[in-house]
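Visitor: Here's the letter readout for the chains.
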Amino acid sequence: MDEPLRLVRNVLDKQIYDANDVRLGKVDGVVLLSRQGRPPRVIALVSSMPTAWRRLSPRLGDWIERFQRWLAPDLRVGTRIRFEHVVHTGIDVNVDIDGTKTDAFVWENWIRKTFVEKMPGGTGSGEKGE
Amino acid sequence: MILQLALGIITAIGGFLDAGSLATAAVAGALFGFQLVWVVVVATGCIILLTEMCGRLAAVSRHTLTDAIRERLGFRYFAAPLAAEIVVDIMVLAAEIGGVAMALHLATGFDYRLFVPAVALVLWALLWFGNFSVIENAIAFLGLVTLAFVFGALRMHPSWTEVAHGAVPSLPSHDRASYWFNAVSIVGSVLQPFVLNFYASGAVEEKWRVKDLWLNRTVAGLGMSFGGAIALGLLVLAATVLGPRGMHVDTYEQAVPVLVGPFGEWGLSLFVAALGIACLGAAADVGLNFAYLLSQGFGWNWSENLKPHEDARFAAAYSAAVVPAALLVMLFDPLQVTLLTMALNAVIAPLIVFPLLILMNDKQYLRDHTNGVISNLLVSAVVILAFAVAVVAIPLEILGG
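Top to bottom, those sequences are chains A and B. Offset between the first sequence (1-based) and the numbering used here: plus 6. Offset between the second sequence (1-based) and the numbering used here: plus 550.
Bound conformation, chain A alone (with noise of 0.2 Å):
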């Protein structure tokens, strides 16, 4: 028997971790689409820290949403995973996609070509000592 979703408890504010068990983000929005005479369905999550703030004041994510096109004006500001992909949710929510291929590392890759591949050490890959 299928179990109810619980939304609040069991997704938003969770871990994402993808298919090869890599952390993309947490889960800082759901988008639902609302149905007329239907109730609404969850189609995905958004991981961004916009809309983490947002949900905090709406004045606040809309402020980090321009700090973040200042810094770099081309990179997205946030990932939509389509709820189809989860497999899993808990005290963590697992999806069935490789995160390499969405947008939830264009941070990551900013900060590592801006700061890191520029400092002296900053170029190796693996852990530190090997």
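Simulated from the structure, these hints should not be mistaken for lab results. Only true hints are included.
Derived pair list, reagent style DSBU-like, types lysine-lysine, alpha-carbon separation capped at 30 Å:
hint : chain 1 : residue 1 : chain 2 : residue 2
1    : A       : Lys134    : A       : Lys107
2    : A       : Lys134    : B       : Lys761
3    : B       : Lys757    : B       : Lys913
4    : A       : Lys134    : A       : Lys119
5    : A       : Lys124    : A       : Lys134
6    : A       : Lys107    : B       : Lys757
7    : B       : Lys761    : B       : Lys913
8    : A       : Lys107    : A       : Lys119
9    : B       : Lys757    : A       : Lys134
Partial list, derived from the structure: chain A residues whose beta carbon lies under 8 Å from chain B:
hint : residue
10   : Leu18
11   : Gln21
12   : Val28
13   : Leu30
14   : Ala58
15   : Ile117
16   : Thr129
17   : Gly132
18   : Gly135
Computed far set for chain B versus chain A, every beta-carbon distance over 12 Å:
hint : residue
19   : Glu602
20   : Ala634
21   : Ala668
22   : Arg705
23   : Leu721
24   : Pro722
25   : Asp725
26   : Ala727
27   : Asp800
28   : Phe882
29   : Gln886
30   : Asp918
31   : Ser925
32   : Ile934
All C-beta atoms, glycine included, are put in the ideal place defined by N, C-alpha and C.
Given the coordinates of chain A, assemble chain B onto it according to the supplied hints.
Guide: Relative to the frame of chain A, chain B by itself:
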């Protein structure tokens, strides 16, 4: 097992042996003799209890305290401890960088500000190039120099009967505001919120699992007791060396005689080494915790064991924290920054301690390892204590500081 204890010792260095704890224990001992021993004992009991819970949460659920607060209580609650910890972590980091620079000032006589950029650079390099084990073991090993405070106290042959009397709570006979201010400062310097998440993050870095719960209990108990013993040693030294001579501690220089008394000409060198290493260790703790806080709060990849290229946002976070902290301590006196930070620690502690009451009873996270009745009663008492201390911290800072 001895190597595993390193997590407890490095966490204790962050909690007990930083600039704040050294300053508050020395001031309390000089002013009130052994009368505030009970506060160190109570604070040690509280931090053992809280770190054991954070370690248990991490070992059973593989989630740190920051993770769990955000996930269980939602972003709207999490934003408050996040904002508070960002500010206080940078201030604590400033106090610790200042503590190392003051140690170098005591060793050389040059202005401490000259050393701040170099200390900040060494700290950054330690975090950038070192992995968790290197930082943990090196600082835990070097931190053993702080045992000088315990051996020093033993060499001064204090009246142990009076010390034992001090372990029983008592009301002040003079300077009430100052007495309670010092009591609150000791609690604030031990119950530092960053210590709890640092310990939980260390448990995840060390890959603790349910089978390691006994290790968690041992490490939390012995590591924090190590810190408590050092703080007690310093308080006893201050009470026996400074108190009878009517000496007060308003600067780090004035605390040096606590080790000159028992160790003679070696006293200054030991004090410099103990202050420098303890503050460097605490700076590494809090610098890492700043990066843990942001990474776990927003779900980024994080581990001190990965090269910066692999977790760029994590590495950028601790790098970014060092700069404002160094600037802050260049502009303001390190001891003043330290004392203000201890009061702020006390103010924000309830935001971080209170969620433990909910999390440690959540079977989704703790499965069969949730708190029992006694643990819940004890942590409730700590939450009440934390709230009480938070309410009186700022008024006492004004009245008695």
